[in-house]
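Undergrad: Can you make the complete structure from the sequences, with help from the hints?
Chains A and B, in that order, are what the protein sequence lines are. Residues in the first sequence are numbered from 1 upward in steps of one, following the working numbering. Residues in the second sequence are numbered from 1001 upward in steps of one, following the working numbering.
Partial selection, computed: residues in chain B whose CB lies under 8 Å from chain A:
hint: 1; residue: Thr1157
hint: 2; residue: Ser1173
hint: 3; residue: Val1176
Subject to a maximum C-alpha distance of 20 Å in a straight line, what follows is the list of computed DMTMM-like cross-link-like pairs (lysine to aspartate or glutamate):
hint: 4; chain 1: B; residue 1: Lys1061; chain 2: A; residue 2: Glu379
hint: 5; chain 1: B; residue 1: Lys1392; chain 2: A; residue 2: Glu33
hint: 6; chain 1: A; residue 1: Lys426; chain 2: A; residue 2: Asp393
hint: 7; chain 1: B; residue 1: Lys1392; chain 2: A; residue 2: Asp41
hint: 8; chain 1: A; residue 1: Lys394; chain 2: A; residue 2: Asp423
None of these hints come from the bench; they were simulated from the model. We treat Cβ as the ideally placed atom computed from N, Cα and C, and that holds for glycine.
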Amino acid sequence: MNIVIVGGGELGSMVADQLIRENHSVTVIEKSEKQAKHLNDSIDALIINGDGNYVRFLKQANVDKADLFLALSNNDNVNIVSCGLVKKLSNATTIAKVENYSHYFPAPPNLPVDFGIDKTVATKQLSINKLVDLISEPDAMEHIHFIHENVKVIGTVINEHFSGNGMKLKDITQGNAIWENVRIIAIKKDNEVLIPGGDDVLHTGDKLYIIGKSNVLRDVIKFYFASNVKVKSVVIIGGNQIGREFAKRMVKEGRKVTIIEEDEKICQHLAEELDNVLIINGSGLNQTVLSDLDMENSFVACVTGRDEHNIISAVMAKKNHAYKAVCNISNVAISSIINQVKDIDSVFSTESLAFGEIIKYCRKGDILSVTPVPYIDAETIKIKISEKIALLDKPLSKVKFPTGMIVGAIFRDDEVIIPHGDDEIKMDDIVIVFVLPQSKKLVEKLFS
Amino acid sequence: MNWKAILKIQGIILIILAVSMCLPLAFSLYYASGDALDLLMSIGITLVVGLILALSFNPDKPLRTREGFVIVSLGWIAAAIFGALPFFFNGVFDGNFIDCVFETMSGFTTTGATVLTNIEIVPKGLLFWRSLTHWLGGMGIILLAIIILPAIGLSSTQLFRAEVPGPTKDKISPKVKNTAMILWLIYLGLTVMETGMLMLGGMDLYTALCHTFGTLATGGFSTLNASVAGFNSLYIEMVILVFMFLAGTNFALHFFLIQGRLKEVIKNREWQFYVSLLVIAILLISLSVFKSDLGYNFWTSLRYASFQVVSITTTTGYVTANFELWPAFTKIILVLLMFVGGCAGSTGGGMKQIRVMIGGKFVAKEIRKITYPNALFSLKIGKEHVKEYVMKNVIAFIILFVGLFALISLFLTFRGYDIITSFSASIATLSNIGPGLARVGAIENYAFFDNISKVVLTFSMLLGRLELYSVIIMVYYLFNSKRIH
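TA: Written out as structure tokens, the structure reads:
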């Protein structure tokens, strides 16, 4: 496919990089001269130094021959206008990243204007949804959704109450109806990630990644991993749009919400706009501010927009007895470093969420999606079986799989199978595979 | 340093080299010229070394920018060394390996400077290989490797930037691989066209191919001692002239032409500059030759002058007349044209037309700035503003080019050669032209240089072909590896 991308910043270059790796022809229009030069030296794409909302540069990027147009700059106006222009210049499918979605696309009764955008990716909304996901099941800290909303991967840490502590995996799962319907795809012990076999032993503090249907997973969490803590209060550090919208949602759910915000003017605005929310004018890094709050059993979301600030306030919140602390990171590269910080329960970056969302629409081949698993260096790959490959119609226990991978789930028609040794992969199935980076090449070979 | 990737790509380059040596082998067998065994041995050695390198290394890291430069420079050196094997085995240079490498490097870098005193006694297979090195080097060995590189999972962006530098990046297609493929296809198309036209002029396939390789790569190796003058045919001269002109043009423009974007070609400022420079030089030289006491009539002067100007400007180096005998004024014009060279993105060498243009405009801008200290001037080529970093890069290139020219000349005079020979040998190798003046003049050769000077000149050709930076960066990294992370 010919793909034109406007904006070569963090998100744009991440998307471009992935698309080039999937063998598409990519052209990037980047405004900053320095960044354009950097991209020109580092990725195999045509780089145009210019504004994405100028017809001149769009024409220079041969937008008339493009199949897909992605507007991913940091400026909503540029993204929207460029999509409108592209619709007039070509037949390309347009996707726009829109940060402040509600500014342009109000709720249903006020119909939005047709901007020529086929698909919008509302980044702030993605972050808010992520937060809502996390708080809905505070004991399962990662959620990765697949085709069906009701199949996902969750990550959860084994606490001291877990009945299977010190037991072998096969002894826990065998003959247990609940465990039969889910699958542990990875165990993270300290900083080492392993794909489990039946003989691996589970200990307190290990983090498990489990795939299954949402309702079964809920039971698993309830029976084995819940800590009987009820999250009553929510503390939001940072009062920008994400914090504000999240606060509104939480108030609606009837929780006790506190927002800590440094800027006095913003606090004033928040106080005027939000009801039943405690607004505190202060810094999330200030110990006195935090100790004034009753943080016990609270869920802390750090969304100030500054990475360092978020990380440190999350750690401080945990020191002040917060039950869970999550933080938003914009620099994708450092999320693996935060991995080392035990106190932070979950990290999410708006860019990676948007990345996953965008890549989903760009896919044509058999690999449907690649989702990095947060916290650990691994990926879940969704593959559609459309060719005859060697492992078809064989019981999985007879197939020689490389180490460092596991088949997590099989989608057949509308049915979901959590595979066991005697299950088979058939034509037209969609398979979810979990891989460690060193095995990725082998897995790609196996399925092509 | 990512040695696994570096060595693996060297292996691939050697495999390409071994495969291409099969073509001269075919001619050698057809003409029974007696050099088949030498070629066969070279193919064997090159192929085995290539396969060992390509199969035993599996890069696990992506390439970094600096490794691109090292790969490209080393690749060219490896090609010159292994490409020299057939000459060495045959013994045409009395077993002097430095001579063999000089000749091969001169071929790959499309210089066309020869250390052969009598070309016509060399066996036909070897002579064909000598011309084929031009053709491979003209469009670039690495560019050829890039076409197959992504298949082994290495990014080729770094290599493309290292082998095809130049201030303007006319990437024809978003993907480097496709760009490389299109360029090679155009090159191949032009090759077929010229070979056909030369055969219409009465050449056999062998001679036609050899001269086509020499022309399109802007190389200059001929199969005759007297170069193109030996045919004494106006038709052949004109065909070669036209194709030299085309080879000296930016290949992106050929692509535009195929797409029917004629306007863009004519409006291209570098192309306009290139054409006007040629026309002015041709007029000046033909008038000067006509007025001198050589006894040519006007049309003959025009014929010789136009061929020589195009041949020198595009850095080909074919000769139809002994310009050594021409007036000093014409010789100076030719030497100045040697510095300029072809267009960016062409197979020609030299500083490149666009750099000279930017350099000239930069000087004009600075002078205007002195007159109006507070005014702001933008340096433009056509309607495009030339970016600050591009401008700085061009100025640095020109300084480096002239500096290296001075250094190499200095070295040659130190070895005891006269001024004109030293100066012209230095620029003729650095700009990849071939013939210079005095002892390296139109009908002379490079055989008389001592071995050390030959090594320096070989290096000078490589510097010029890869536009200086790649080679200098490689040398810097290889000899400073302890200080670099």
